[in-house]
Amino acid sequence: MSLLKPFSKLPGLNSANILLVESEEQFQQSLADALVEETTFTVNVRLAKSLPLPVENEESRPRIDLVVFIINLTSELSLQSAEASLKCLDPGYFLGKVCFMVTNARSAAAPVERLDVARKLAASLHCPLLFAEDQTPDGVTNATERLLTILKVAAGLVPMATALYLSNLTRSTVPPDIEQPSFN
Amino acid sequence: MERHRNSVTSKSKSYRMSYRSSLGAAASRLGLTPALTGRRLDTRRRAPKSHNITEKVNPEQLALLTKTEWQLSYVTPLYRFRHTQLKSYSGQLSAFIAAGKQQGLAVEVFDPQTAFRVSFSVVQGMTESDDDADTVLIQIHSKPLFARQDEPQKTVWSGLLTCVNANPEYLRSLPEYFICLPLFGSSGAEGLTALVKSWFQQSFDCCFGPLEISHTSLQWLMALWTNCHTESSIQHLKMIWTLPAVPPLQVTYTVNPEDAWELWSSVRKTRDKRGGEEEENCIDIEEVTSFMQGLKSHFYRHFKLDLSAGSLNQVSTALGSAKSSGRMKISNSRYMITTLALLTECALFKMPI
Numbered sequence: 628m629s630l631l632k633p634f635s636k637l638p639g640l641n642s643a644n645i646l647l648v649e650s651e652e653q654f655q656q657s658l659a660d661a662l663v664e665e666t667t668f669t670v671n672v673r674l675a676k677s678l679p680l681p682v683e684n685e686e687s688r689p690r691i692d693l694v695v696f697i698i699n700l701t702s703e704l705s706l707q708s709a710e711a712s713l714k715c716l717d718p719g720y721f722l723g724k725v726c727f728m729v730t731n732a733r734s735a736a737a738p739v740e741r742l743d744v745a746r747k748l749a750a751s752l753h754c755p756l757l758f759a760e761d762q763t764p765d766g767v768t769n770a771t772e773r774l775l776t777i778l779k780v781a782a783g784l785v786p787m788a789t790a791l792y793l794s795n796l797t798r799s800t801v802p803p804d805i806e807q808p809s810f811n
Numbered sequence: 005m006e007r008h009r010n011s012v013t014s015k016s017k018s019y020r021m022s023y024r025s026s027l028g029a030a031a032s033r034l035g036l037t038p039a040l041t042g043r044r045l046d047t048r049r050r051a052p053k054s055h056n057i058t059e060k061v062n063p064e065q066l067a068l069l070t071k072t073e074w075q076l077s078y079v080t081p082l083y084r085f086r087h088t089q090l091k092s093y094s095g096q097l098s099a100f101i102a103a104g105k106q107q108g109l110a111v112e113v114f115d116p117q118t119a120f121r122v123s124f125s126v127v128q129g130m131t132e133s134d135d136d137a138d139t140v141l142i143q144i145h146s147k148p149l150f151a152r153q154d155e156p157q158k159t160v161w162s163g164l165l166t167c168v169n170a171n172p173e174y175l176r177s178l179p180e181y182f183i184c185l186p187l188f189g190s191s192g193a194e195g196l197t198a199l200v201k202s203w204f205q206q207s208f209d210c211c212f213g214p215l216e217i218s219h220t221s222l223q224w225l226m227a228l229w230t231n232c233h234t235e236s237s238i239q240h241l242k243m244i245w246t247l248p249a250v251p252p253l254q255v256t257y258t259v260n261p262e263d264a265w266e267l268w269s270s271v272r273k274t275r276d277k278r279g280g281e282e283e284e285n286c287i288d289i290e291e292v293t294s295f296m297q298g299l300k301s302h303f304y305r306h307f308k309l310d311l312s313a314g315s316l317n318q319v320s321t322a323l324g325s326a327k328s329s330g331r332m333k334i335s336n337s338r339y340m341i342t343t344l345a346l347l348t349e350c351a352l353f354k355m356p357i
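Those protein sequences? They're chains A and B, same order as listed. Read in order, the letters of the first sequence correspond to residues 628 to 811 in the working numbering. Read in order, the letters of the second sequence correspond to residues 5 to 357 in the working numbering.
Don't take every hint at face value.
[What the hints assert, rightly or not] Computed cross-link-like contacts, DSS-like style, restricted to lysine-lysine with a CA-CA straight-line distance of at most 30 Å: (1) B:LYS327 - B:LYS201; (2) B:LYS308 - A:LYS714; (3) B:LYS242 - B:LYS105; (4) A:LYS676 - B:LYS273; (5) B:LYS300 - B:LYS333; (6) A:LYS747 - B:LYS273; (7) A:LYS676 - A:LYS714; (8) B:LYS308 - A:LYS676; (9) B:LYS273 - B:LYS158; (10) B:LYS300 - B:LYS327; (11) B:LYS354 - B:LYS71; (12) B:LYS300 - B:LYS273; (13) A:LYS747 - B:LYS354; (14) A:LYS714 - B:LYS327; (15) A:LYS747 - B:LYS300; (16) B:LYS71 - B:LYS327; (17) B:LYS201 - B:LYS105; (18) B:LYS300 - B:LYS201; (19) B:LYS71 - B:LYS242; (20) A:LYS714 - A:LYS747; (21) B:LYS71 - B:LYS273.
Simulated from the structure, these hints should not be mistaken for laboratory data.
Okay, chain A solo, but in the shape it has when bound:
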């Protein structure tokens, strides 16, 4: 099984490559359209449904700077697929080059327990957990801006800041009483 490795290829000049992994393949389309609008540097967006990535593209694929897992909290399959895809990433990615993006967190159809699982997953891997709203163009724009901030650092385009350094500031934490029931 081929792992996706972070440093096995050379970086491009003034460009960044981002991989959006989502099992529903919906939000990643609108997010990708908004991401390529960026003008100060070239953003290459690659989309995937799940990892591992097909072997045929191994040679032509550039170095991936940031892997974003998009999880839809209303579907249990989304969370399970993201967890399964995590196994196909080289551990070097978890030093600041992985990000979790969660949608529909406030929906009534999303049970609180699923959000807890996503939180614990992100906290155990020391990765940031972003909440996004995917139905309105404003929500897509906000999510894009936040991703670009992290992407710039992960691609090395920000002087004096590395992905590992940023991950110490952005990693998600789990509240200490997450296990305790309120009304016993």
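Got chain A; can you put chain B on it based on the hints?
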């Protein structure tokens, strides 16, 4: 950037106390105030005991409770609601409804025959602990539009306000004169429901809100009902899922009760026995999820459709049915108390601070 805010005002602290679990597992807070999102449902529950409430409860009221499908909402605590003043409340509510109907569409002429008669009644014998307030049943009777003079009035709307087995510390932490009846069920015309809710909001300074039954609660109901199969047969276990295909696919998954019972008992047997009779009566959330996982993988093996991609909309057995939109029907009076206790907990959980 993910930062978790741990600031809680002192007012909300009284609403979020918890106590050590009944089994003695240490859950002492030691003054740690929980974060705003730190509210979780129970992970362990006692297996439902069948309460024979047919002796304690008025049979007419019981028939009403078991035959209606209730649309659930949560209610914040009521200010100065007295169980002794129900007659005056009935009068006030019928006047309010008459005024409301008149204010609305002026289609019908105000006729004393079609006037609404409201009756509030207390359902004795439904409370499990002394702290719970008694259940209140509200019925609105009126004559149908084209009725003859001597036809009796029929119930056009019924409502239910109940609190079963709520957290005693929470109940004691409420300020004076507040009564906690967090679960509200309504069955009947939407217009009447809205009128009743606005009357309650005006008279008792409370807030109503919709109570959806979450995926986890539906799983709990499924497991609790299947657990009762030995005592009273569930006759079938039916689930309705919606899958996000184009067009959306609705799957009705019916399981034979014996097969469901076999799966459930095998899930319970694989759990380590920690000894003690109380432990045997508790059901863990892991057992519930593995029960559900077993059903889903069976479905996948036959139809190659993963139900995790969809959402569970309805669970129904002979003991009752629950829909994720908040509609609930309890068909068997023996498990009324435990089902209402679970729903009370959901209502308290959903109540805003």
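Review point. Which numbered hints turn out to be false for this structure?
Key: 3, 4, 9, 14, 18, 21
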